[in-house]
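Taking the hints into account, I'd like the entire structure generated from these sequences.
Going down the list, the protein sequences come from chains A and B.
210 is the number of the first residue of the first sequence in this note's numbering; add one for each residue after it.
210 is the number of the first residue of the second sequence in this note's numbering; add one for each residue after it.
Mixed in with the good hints there might be a few duds.
One copy or two, it doesn't matter: identical chains are merged, so the pair holds either way.
To be verified - Cut-off 27 Å, straight-line C-alpha distance, at most; resulting in silico cross-link-like pairs (DSS-like, lysine-lysine):
hint: 1; residue 1: K507; residue 2: K330
hint: 2; residue 1: K359; residue 2: K467
hint: 3; residue 1: K213; residue 2: K365
hint: 4; residue 1: K213; residue 2: K359
hint: 5; residue 1: K359; residue 2: K370
hint: 6; residue 1: K428; residue 2: K467
hint: 7; residue 1: K213; residue 2: K370
hint: 8; residue 1: K284; residue 2: K340
Calculated directly from the structure, the hints in this document are not laboratory data.
There are 2 protein chains.
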Amino acid sequence: MADKASASSAVFRPHFKTHQSVGVGKWFKESGIEAITVSSLSMANEFADAGWNDITIAFPVNMRELEGYNKLSKKIDLNLLVDSAEVIDGLSSRLDSGTGIFLEIDTGYGRSGIHFSEEDKIRNIIAAIRKSGLQFKGFLTHSGDTYSAKSPDEIKMIYTKSISILEVLKNNYPNTIISVGDTPSCSTVHDLSQADELRPGNFVYYDLMQFYLGSCTIKDIAVSVACPVTGIYPERNEIVIYGGAVHLSKEFLDKDGKFFGLVVKYTDEGWTAPIAATRLSSLSQEHGLISTTPGFLKTLSHGDLLGVLPVHSCLTANLLRENTLII
Amino acid sequence: MADKASASSAVFRPHFKTHQSVGVGKWFKESGIEAITVSSLSMANEFADAGWNDITIAFPVNMRELEGYNKLSKKIDLNLLVDSAEVIDGLSSRLDSGTGIFLEIDTGYGRSGIHFSEEDKIRNIIAAIRKSGLQFKGFLTHSGDTYSAKSPDEIKMIYTKSISILEVLKNNYPNTIISVGDTPSCSTVHDLSQADELRPGNFVYYDLMQFYLGSCTIKDIAVSVACPVTGIYPERNEIVIYGGAVHLSKEFLDKDGKFFGLVVKYTDEGWTAPIAATRLSSLSQEHGLISTTPGFLKTLSHGDLLGVLPVHSCLTANLLRENTLII
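Given below as structure tokens:
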């Protein structure tokens with residue numbers, strides 16, 4: 210991903226919310242990355258303490274945390290995200306003037322950000338930011354609508370629409386930058402050169418959701434959850450593992466039925482391809498129920514470790530932060 | 210719930226997996242509770258360290274943790290759960306002989322446990338437990354199928370079926386006990402006197418899932434997640450809060466559409482009833498998107514705190530363990 214950003218002449222500012230790991234962060238530093246993205250002040254503080262000096266908190270400003278933003282802004286280059294004139298009024302004169310401000314634009318996802326069609330609002334907020342003395346950096350979006358795409362071509366169409374909207378804004382407000390960066394777009398779109406900055410996060414591990422979107426191959430998935438077998442039920446071709454919602458999250462996919470993960474076996478080199486006709490079919494707090502074949506079931510004993518490829522690695526890694534073995 | 214157990218002459222052994230809190234545990238101790246249930250060895254160790262001396266780990270034995278079971282069994286009265294002769298073979302002579310063993314019975318839920326119809330297997334495992342020198346305590350079930358019930362009457366039917374199955378087993382194997390305890394059954398069934406032991410857990414907080422099952426009233430829900438407002442979008446009657454899947458979990462309900470929580474406002478006495486026509490309609494890692502009315506939206510400012518009543522308090526409390534304010 211760093212090479213791709215470089216080939217597109219874009220700044221690579223990876224999102225660290227997926228791994229939230231100082232150790233994994235070091236790999237990025239070793240690859241020459243200097244700027245990162247996080248999604249909360251507490252995460253920003255953690256990585257600032259670990260030596261990161263250029264951090265964007267890509268979550269709309271939380272008015273309850275102004276004191277924390279100011280403290281951090283005195284130590285590092287900090288960028289915040291706003292989408293409201295009310296918030297700019299509240300920040301003005303209370304926030305360290307060195308703080309960078311991105312305007313979040315909603316290019317179609319409909320979560321946070323000002324909708325791109327609201328030209329007056331956009332103009333007024335930018336005027337307010339500039340008047341406040343804060344540093345207006347440019348336009349940021351998260352095209353999360355790519356996660357609902359039915360094909361890589363649809364991801365590319367969503368990206369193209371989104372980047373075109375941001376380019377118009379950049380032309381209207383010169384000397385600003387465009388920051389984009391959902392993992393599906395950054396993985397499937399070849400030429401990202403219209404963007405000034407890329408902020409993908411999930412790609413560090415990928416997961417089954419990304420695999421089914423077409424963002425990665427199954428071999429690109431770089432995280433699995435090691436779960437001991439605690440129940441073997443040949444009469445119903447099911448296995449119970451110690452591995453539930455508190456380890457994997459309840460995120461699921463629905464492809465010929467709901468499932469919460471695929472199952473692999475560990476080898477000396479890592480893990481196998483997913484076991485055929487075998488799925489994590491149900492999850493409760495700490496139990497995982499795997500549906501499988503008589504053939505695979507026969508190979509198992511109580512206490513064997515199975516690996517689960519998660520549906521959504523960000524949530525899984527967050528749940529298992531303190532139990533992650535980085536190889 | 211303690212009074213109900215007492216009225217039914219059943220031992221109350223509440224499940225502590227919902228709160229996982231030493232502080233909340235003290236309330237139970239003050240109510241005279243001496244025996245508890247947990248779902249992992251690590252949880253058992255935590256509560257043993259906090260002074261609990263009688264603990265059942267209501268999760269099938271994990272063969273990778275025998276050393277830990279033995280250490281704990283030397284300190285406290287420990288009960289484990291098995292559903293396999295293979296596991297008993299593995300435990301025999303390796304597990305401290307003072308350890309109590311429950312046989313988990315599947316009365317219809319289909320997760321873990323030996324299916325009640327497998328009489329030969331049940332007989333063989335009990336013989337193996339007794340031969341091993343371990344202390345055979347009795348029959349334990351979790352009727353999680355009550356969570357799919359369409360009405361309190363259906364919960365009662367599932368409970369009646371389940372307890373009847375266990376009574377037959379108890380009659381066939383005298384001097385054993387029957388341990389049951391899903392929250393829907395324990396909340397809706399009036400007379401629980403056929404059970405020797407009750408292990409509900411969720412009732413300590415309840416949640417929206419229990420409310421819609423008919424286990425509790427909305428006022429019984431004793432946990433909410435305080436989330437700051439970070440986005441207000443009058444053009445689409447939506448609010449964004451800092452409160453996402455890493456705080457609430459992705460558990461949802463589907464009643465006239467999917468939702469991940471209901472919204473309350475804080476008052477001096479606690480919180481209000483759920484705001485009308487207002488739902489947490491979508492969740493990503495840290496963003497929560499609330500659909501609401503123009504009227505409610507107008508009352509809000511950036512930085513206001515809203516409360517979210519969670520769909521599944523066990524998962525929410527697990528995610529926010531370190532950020533829980535107990536009042």
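>> At most 27 Å between CA atoms: does that hold for K507 and K330 within a copy, between copies, both, or neither?
In response: between (64 Å within a copy, 18 Å between copies)
> Between K213 and K370, at a C-alpha cutoff of 27 Å, which is it: within one copy, between copies, both, or neither?
Replying inline: within (20 Å within a copy, 61 Å between copies)
> With identical chains treated as interchangeable, where does the CA-CA distance between K359 and K467 reach 27 Å or less: within a copy, between copies, both, or neither?
Replying inline: Answer is both; intra-copy 17 Å and inter-copy 21 Å each pass.
>> If the cut is 27 Å between Cα atoms, do K359 and K370 qualify within a copy, between copies, both or neither?
In response: within (16 Å within a copy, 45 Å between copies)
> Is it within a copy, between copies, both, or neither that the alpha carbon of K213 lies no farther than 27 Å from that of K365?
Replying inline: within (16 Å within a copy, 60 Å between copies)
>> I want to check one pair: K213 and K359. Are their C-alpha atoms no more than 27 Å apart within a copy, between two copies, both, or neither?
In response: So K213 and K359 pass the 27 Å test inside one copy only (24 Å; across, 52 Å).
>> For K428 and K467, with the copy left unspecified, which applies at a CA distance of at most 27 Å: within, between, both, or neither?
In response: Close inside one copy (22 Å), not across copies (33 Å); limit 27 Å.
> Checking K284 and K340: alpha-carbon separation at most 27 Å within a copy, between copies, both or neither?
Replying inline: within (24 Å within a copy, 67 Å between copies)
In terms of the numbered hints stated before, the structure departs from none.
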